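I would like the entire structure built from these sequences, with the hints used as guidance.
2 protein chains.
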Amino acid sequence: MSKAVPEPVTRLIDSLSRLPGVGPKTASRLTYYLLRSPDDLSQELAISLQELKTKTRFCPICNNITVEVPCGICGDDERDHRTVVVVEEPLDVLAIERTGSYEGVYHVLHGAISPVNGIGPDDLKIRELVGRVDKGDILEVIVATNPGLEGDATAKYIKRELDSKGVKITWLARGIPTGGDLEYVDSVTLMRALQGRGEL
Amino acid sequence: MSKAVPEPVTRLIDSLSRLPGVGPKTASRLTYYLLRSPDDLSQELAISLQELKTKTRFCPICNNITVEVPCGICGDDERDHRTVVVVEEPLDVLAIERTGSYEGVYHVLHGAISPVNGIGPDDLKIRELVGRVDKGDILEVIVATNPGLEGDATAKYIKRELDSKGVKITWLARGIPTGGDLEYVDSVTLMRALQGRGEL
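So the sequences go chain by chain: A and B.
Every letter in the first sequence is one number past the one before it in the working numbering, and letter 92, counting from 1, is 92.
Every letter in the second sequence is one number past the one before it in the working numbering, and letter 38, counting from 1, is 38.
Just so you know, these hints were derived from the structure itself, not from any lab.
Note that the structure is a prediction, hence the values are computed from the model and not measured.
All residues carry an ideal CB built from backbone N, CA and C; glycine is no exception.
Hints are not guaranteed to be accurate.
Unchecked claim - A few chain B residues facing chain A, derived, Cβ under 7 Å:
{"hint": "1", "residue": "8"}
{"hint": "2", "residue": "44"}
{"hint": "3", "residue": "45"}
{"hint": "4", "residue": "46"}
{"hint": "5", "residue": "188"}
Stated by the list, open to error - What the simulated footprint calls covered on chain A by chain B, stretch by stretch (three residues with Cβ under 8 Å from a Cβ of chain B suffice, anywhere in the stretch; the number is not a length):
{"hint": "6", "region": "56-67"}
{"hint": "7", "region": "93-105"}
Below you can see the structure in the form of C-alpha cells.
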C-alpha cells in the first residue's frame, strides 16, 4: 500500500482531510486531480493559502476579516454607523451585503455561545460589542445570529448585556422562507410564522 | 460587496472553486474555516501543495506517481513482473492494492479514450504499454479500465493493439457487486451478471 502512494501525495491527502466536509476519499480525488492538472493550479492554491493569513487581519472595530484597517465597511462614511448588525461569522456579513438592502455596519462575534463545545460569552467578541455600544453612537443593534439553539442563546445573552444601555435591540424576523413549500417547512418555523402573522 | 471581502480571501475562494466538485459556496466555507483555524493548517496545506508537484514524478515504467525511480512497485523484485494490470488513473492502482490480492505490476494510462472530450489513444500511455509488451517479458495484460462506455472502448482498443503479440489479454469480471441489492442494480449490470452466470 505505502509503495503505491508516495509521501508527498499522502501528505496532501492528509492535509486536505483536515478540512471540514472533506473525507479521505474526496481528499484523494482532489490530490490526484491536482497531480494531473497544470502546475499553476497547485501553485496558485499554495500561494493563496499562504497569503490568506499573512495578508489579512481582523478589523479592530467590527472584527470582520480585512486587509485595510479599519475595514472597508467601518471606514465607509456613507454607511450608517448608528445601526449595527451582529453576526456569528464573516460569511454572514457577506450574506447580508448580498441582499443590497442594508446600509449600516457590522459586528462579527466569531461564533455563538455553545456550552456543549465549551464556548462561553467570553470566547466571543461580545465584550467588544458592549464597548462599542457604551461609546454612545449606536442607536440600534440588530442581532442576526443563526436561528437555532446556540444562535438564540447568544442573542438572548446579548440582549441581557445591552438591555440597560438605552439602545434599541432587534432581531431578524422569523417565518417561512420565500419560495419555501409549506409542506416541507419544519414545525418550529411554522409555529413562529403563525405567531408572527401579519395583516394581509 | 467587494468591501466586505478582502482580496486574499476572494483569491483563495477563486482558486478553491477551480477544484472539481468545489463550488463557490464550498470554497467560501473552506476559506473562512481556514481563516478561523490555527495558522499551521493553511501553511501545512500550502507546503503540501507545493511539494506535490516538485517532489513527485511519473514512473518511467508504469506511469504511476512516484518519488523514487522506478516506483516502489516496479522496483519490487518480489512482485510478478509478467502480469500487468492496466488502469486509467493512479487512484485505481490504490484501489487494487487495497484488495491485497494482486501481486503483479501496473500500467497507468492517465485517462480513457473519449472522443467527446477529444481524448484519443495517442493522448494515453497506450504506446508505452505496447512497448512494454514488445519487450517480451509480459505474459498477461489484465485491462482494468472503468466499466462504462469510455473504459470499454479503451479496453477494446488495447485488445486490438496487443492481439497479435501472443500475450494473454483479460479484463475484470462483470457482475453484481458484493453487498448489492438486486433491486438497485442497473439493468446493464444485471444483464451482464446473467450472461456471465456460473455454476452454483
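| Which earlier hints can't be squared with this structure? | 5
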